[in-house]
Amino acid sequence: MSDHLHSGFGFLVTHGGTHTAEAWAEATASGLVSIDPGMASDRLLAAAKLRATVVGILVAAFRRVHSGTSATEASAVSDECLAAMAEPFGASPWASSFEHPDIRREIGAYITRNLLTAADLALKAE
Amino acid sequence: MAGFTTAFPTSTKAELPQAIHNFTATTGHVFKMALGKVTPTGTYGAATTNYSNLTGNGDEVTGTGYSAGGFAWTAAQNITPAASGTSATWSWSVNPSWTTATFSTVGCIIYNSSAGNAAVYVGDFGGTQSVSAGTFTVILPANTVGNAILQLT
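Each protein sequence line maps, in turn, to chains A and B. Quick note on numbering: the working numbering labels position 62 of the first sequence as 62, and the sequence is numbered without any gaps. Quick note on numbering: the working numbering labels position 18 of the second sequence as 1018, and the sequence is numbered without any gaps.
Calculated from the structure, these hints are not laboratory results. All clues stand as given, with none of them false.
Not everything, but these chain A residues come out facing chain B in the computed CB check (under 8 angstroms):
| no. | residue |
| --- | --- |
| 1 | 14 |
| 2 | 15 |
| 3 | 121 |
| 4 | 124 |
| 5 | 125 |
It should be emphasised that the depicted structure is a prediction, and the values quoted were computed from it without experimental measurement. By construction, the Cβ of each residue, glycine as well, lies at the ideal position given by its N, Cα and C atoms.
Please build the complete structure, drawing on both the sequences and the hints.
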């Protein structure tokens, strides 16, 4: 048995206020679609295009979150995001990864966690 | 050298088989994330054993919007450890966040407040993270093998 540690934290910082749906979407998308300047140009272009599409899907999702959003509701919104992402991911170089059930499930859980955090923050703001 | 190094504390490895930590959702323990100040005097990593290591050195963040002890998850927000292949991962269902906050931080300690504040994770933020009169959220990585904040492989 060995432990495997990861410090791949992301940080979402909003000075002077609360996180917007757009900020949440950008932060969440950055954890799903990496844009590495070292990528080959065609993959870099594909990643940038995919991330922009994913951000658009997530902005709509985060705008639906409010202080009373439950875990069940967040999970349902996450499922809708995954359904909406199927086509753009399917047309990207990362189609096979997205189609893997385990990866898809974990992407869904990652989105759900960020949706629930947004709901938690909305509750604190009341 | 003083500072934070991402680590699974050695003490935690000995505590897991003694059933000192219970990460089960809802019925498990309460865990907290405390933030470390910029330019700490102490060294935090595999040898860290307890939240008191941080407070004993006066290295916990102080600032508007941050209360001593840090962010507390509820037990309901624990994600029960689950096997995936030959590994197991666990995490929490919401990200730690601070509102109306003004502070800077360079790392964190996650600890079990239901078990004498024993440390279960030390994290290096890779540099100074600052917030001014705003909202600061630490986005945890996906709860997958190779990515999850806590895992045994």
